[in-house]
Each structure stands twice: as structure tokens, then as C-alpha cells.
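Colleague: Below, each chain spelled out in residue letters.
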Amino acid sequence: MHTHIVAAAEQGNLLIPSVPDLVWGTFAFVVILVLFIWKVLPRLNQLLDDRSKAIEGRIDEAKHAREEAERVLKQYQEQLAEARTEAGRIRDQAREDGKRIIAELREQAQTEADRVTAQARAQIEAERASAVQSLRAEVGSLAIDLASGVIGEHLADDKNATALVDRFLAELDLDQAPGATSPGASR
Amino acid sequence: MPAAAAASGFEPPTIQDFFPAAVLFQGTPFALNRIMLIRLLVVALLVLWLWLGTRRMQLVPGRGQVITEFLLGFVRNNIAIETLGEQDGRRFMPVIMTMFFLTFGMNITGAIPGLQIAGSAVIGLPLVLAIIAWALFIYAGFKKLGWTYLKNALFLPGVPWPLYFLLTPLEILSTFIVRPITLTMRLLMNMVSGHLLLALVYAASSFFLFTLLPSGNLFGLIGVGTVAFGVLYLGFEIFVAALQAYVFAFLTAIYIQLAVAEEH
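Chains A and B are the protein sequences, given in the same order. Residue numbers are given in our numbering: position 42 of the first sequence equals residue 42, and the series is strictly consecutive. Residue numbers are given in our numbering: position 193 of the second sequence equals residue 193, and the series is strictly consecutive.
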């Protein structure tokens, strides 16, 4: 064991670097450093930049989409409000129109009814007047007939009375022949 | 090898493990021994990974890219940019990245069966990295502040001037001498001790299980315990490999940050 340690001490000391040790240590460092500067870090930074750009792009896209959606929503809401107003306006108009039409119809109907009533009343009045008139004529002649009838027996031998009766009868015949118009004329 | 050690079947690791014989270019400054070959292997694997891993990176990453991006992003964000800020972080990122991944790659070979020794377990690599870190933070300080940097670093503000006779030499010592030495030694000794302990545990396990036990000695069963300990310690070594890489890169960033800070 003792000789062994001595041999080791002769051959190497842990704290004193040999030249090849330094050479290969430096070589290893330089190779890896150059690789990092030349390729690895540019690639990594490129990737990170691209990724943040892509993320930014997606955020922008999302923002645009949201703005677009908000715009469309606002537009729809405006259209909806407009449509509501329009519908309300149309409804009001319709209600007014309806009222107006009903009023017009009512007025028309009233006028018509008034007209019909007035006409009917006029007709009734006319008929009544004509009835009264004809009745009056009839009653007049009947009264005369009756009166004649009552006093006729006293006057039977009277030539004037006979003539009167005859004439009356003739008139009566004549009255029967032309209709209802002659009694009016005889008054 | 001494005959006594071979006869006993127990070959404890020696300091000679760190100085294997050269296999190529013996006697030249480019002499390659086993550890130097491990370093070249690590460099080759790192180059392969970094090249292929970042070759066709997609905006939406696949599985492999997620791992690569996670590792690169960890050093980028959690070490470089978090310590130095966005601008200086980007400036010194290549060196800090290299520190981390090279150190980790070199450390982890200590835990890989067949390689079994860290590429950073001989002083050359830790020393080179420490000198680079040292030169870098001094460069960063002068570049940013000029001679004010030295004033900031050596003359603490708010101290009565006679105390500078005491404090300034201490500042020189701690900033410009102790820092590179601690950077080197922390990494080197972690890897050296890690290797010695793992090799000791393997040697002991081998001795207990294959020398003592076949000869009927029940003390050989201790080997079961040493194997279990070896497995645990292997896990710990992997952790240490990552931790030391993190510490090295992080301290480099911190030193640069301290140098470029306006106020001490």
C-alpha cells in the first residue's frame, strides 16, 4: 500500500493540472460554447420569438373576432330595436286605422239608418195622409149615402130626390169604374 | 498493482484512478487518457443532443422538444435571466449555458456504469471553467463601470477610510482570489470524493460477496448492505452532478451580476 501511494504521488497531484488536462478541458468548453453561440441559442431565440409572435397573433385574432362579434351584436340589437319601434308604429297606426274605420262605418251606418228611418217615416206619413184623405172622402160620401138613405123614403116621390139618387148612383157607378181617384176629385 | 492487494481481493480506489495511462498521443500536449476520452465522448454526445434537439423546433413542441426546451429554458430563465435581467442575461447566456450543460455532462459520467469517473474529476476542466468565470465577471465589471468597478469592488461605501487598510486586502482576496479557487475546488472535490466513495463501495461489495462469501465467511453478507448503500449513493451522485452544474452556472451568473451592479 505504501509503495502504491508513493507511486501515485510521483505520477500525479490532484491539484496540479497536466497540460493535456487543460488542453482537453478548454477544447470541451470551446466546442460547446461555439455550438451554443452558433446554433443552439439562435434557434432557441428564434423559436421563442416565433412562439410569442404566434401567441400575439392569436390574441390579436381573438380580439378582432370579439370586436367583430360585438359589432354584429350591436347591429342586431339596433335592428331589433328599430324593428320593435316599427312594429309599435305599425300597431299604433293599425289601431288608429281600425278606430277610424269603425267610426266611419258607424257614422255611415248611422246615416243610413237615419236615412232609412226618415224615408220610412215620410212614407208612413204620406200613407197616413193619403189614408186619412181617402177615409175622409169615403166617410163623407158614406155619410151622404147614409143620410140620403135615411131621408130617401120621404123624398121617393120627389122628382128632384129621385133625380138626385139616380145621379148619386150613377156617380157611384162611375166612382166604382175609375177606382179610388174619383172620390178625391169629387170633393 | 501490488501483489498483496490482489491476493486479498480488496482493491480500494486510489488517487491513481485520476491519472490513468495515456492511450493516444502520449507525451504530447494532446495526450488522451481514459478520462480525456470520456470528456470527448461527453462533448460528442452534447453536440449530438444540442444539434438534433434544436434542429427542427416546432411552435407546438413534441415530446423530445419539450424535454430539450425544458432544460434549455431552465438555464435560460431560472439562472441567466432571473439573475442578470433580460439584457445582461442574453449577453452572457452562451457562457452560462455552456457552464451548466458541460459541467452536468462531465459530472454525470461518474455515475454511468462502464465510464465510472467524472470528466470533471481532474482539475483541468474545473480550473478552466473557473478561470473563464473569473475573467468574465471582471470583464463584465470593467465593461459596464470602467475603473469605478474596482472602486466599488474594493472600497466598500459607508466605511471609515482607515478601515480600508484592513478591508481592501480582504476584498481583493475574497473577490479575485478565493472565488475562482472555491469554484474549482467545490466542483473538483465533489467529483473526486464521489468517485472514491462509489469505487470504495463497489470494491467492498465485490470483496464481501465474491471473496469472503464463497470462502464460507458469513461476514460476506455485509456485502448486501454495501450494495444497497451503493445504489442509494449512486442516486445521490446523480443529484450531486446536477446540483454542482447548477451551482457552477448560478455562481458564475451571480458573480457577473455583482460586478455589473451599480452599487456594491
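Just so you know, these hints were derived from the structure itself, not from any lab. No residue lacks a Cβ here, since even glycine has one placed at the ideal position from N, Cα and C. One should not assume that every hint holds.
Claimed, not checked - Computed beta-carbon distance windows for the label pairs:
hint	chain 1	residue 1	chain 2	residue 2	range
1	A	Lys-53	B	Phe-176	24 to 32 Å
2	A	Lys-53	B	Arg-56	42 to 50 Å
3	A	His-64	B	Arg-90	30 to 38 Å
4	B	Val-23	A	Asp-50	43 to 51 Å
5	B	Leu-59	A	Trp-38	18 to 26 Å
6	B	Gly-73	A	Trp-38	13 to 21 Å
7	A	Lys-53	B	Gly-235	53 to 61 Å
Colleague: Please go over all the hints and tell whether each is borne out by the structure.
Modeller: To see whether the hints hold, each was checked on the structure:
At roughly 44 Å, the beta-carbon separation of Lys-53 of chain A and Phe-176 of chain B lies outside the given 24 to 32 Å, and the hint is violated. The supplied range of 42 to 50 Å is broken by Lys-53 of chain A and Arg-56 of chain B, whose beta-carbon atoms lie about 18 Å from each other. For the pair His-64 of chain A and Arg-90 of chain B, the supplied restraint of 30 to 38 Å holds, since their beta-carbon distance comes to about 32 Å. Range check, Val-23 of chain B to Asp-50 of chain A: about 46 Å between beta-carbon atoms, so the 43 to 51 Å window is met.
The beta-carbon spacing between Leu-59 of chain B and Trp-38 of chain A, approximately 23 Å, falls within the hinted interval of 18 to 26 Å. At roughly 20 Å, the beta-carbon separation of Gly-73 of chain B and Trp-38 of chain A lies within the given 13 to 21 Å, and the hint holds. For the pair Lys-53 of chain A and Gly-235 of chain B, the beta carbons lie near 42 Å from each other, so the given range of 53 to 61 Å is not met.
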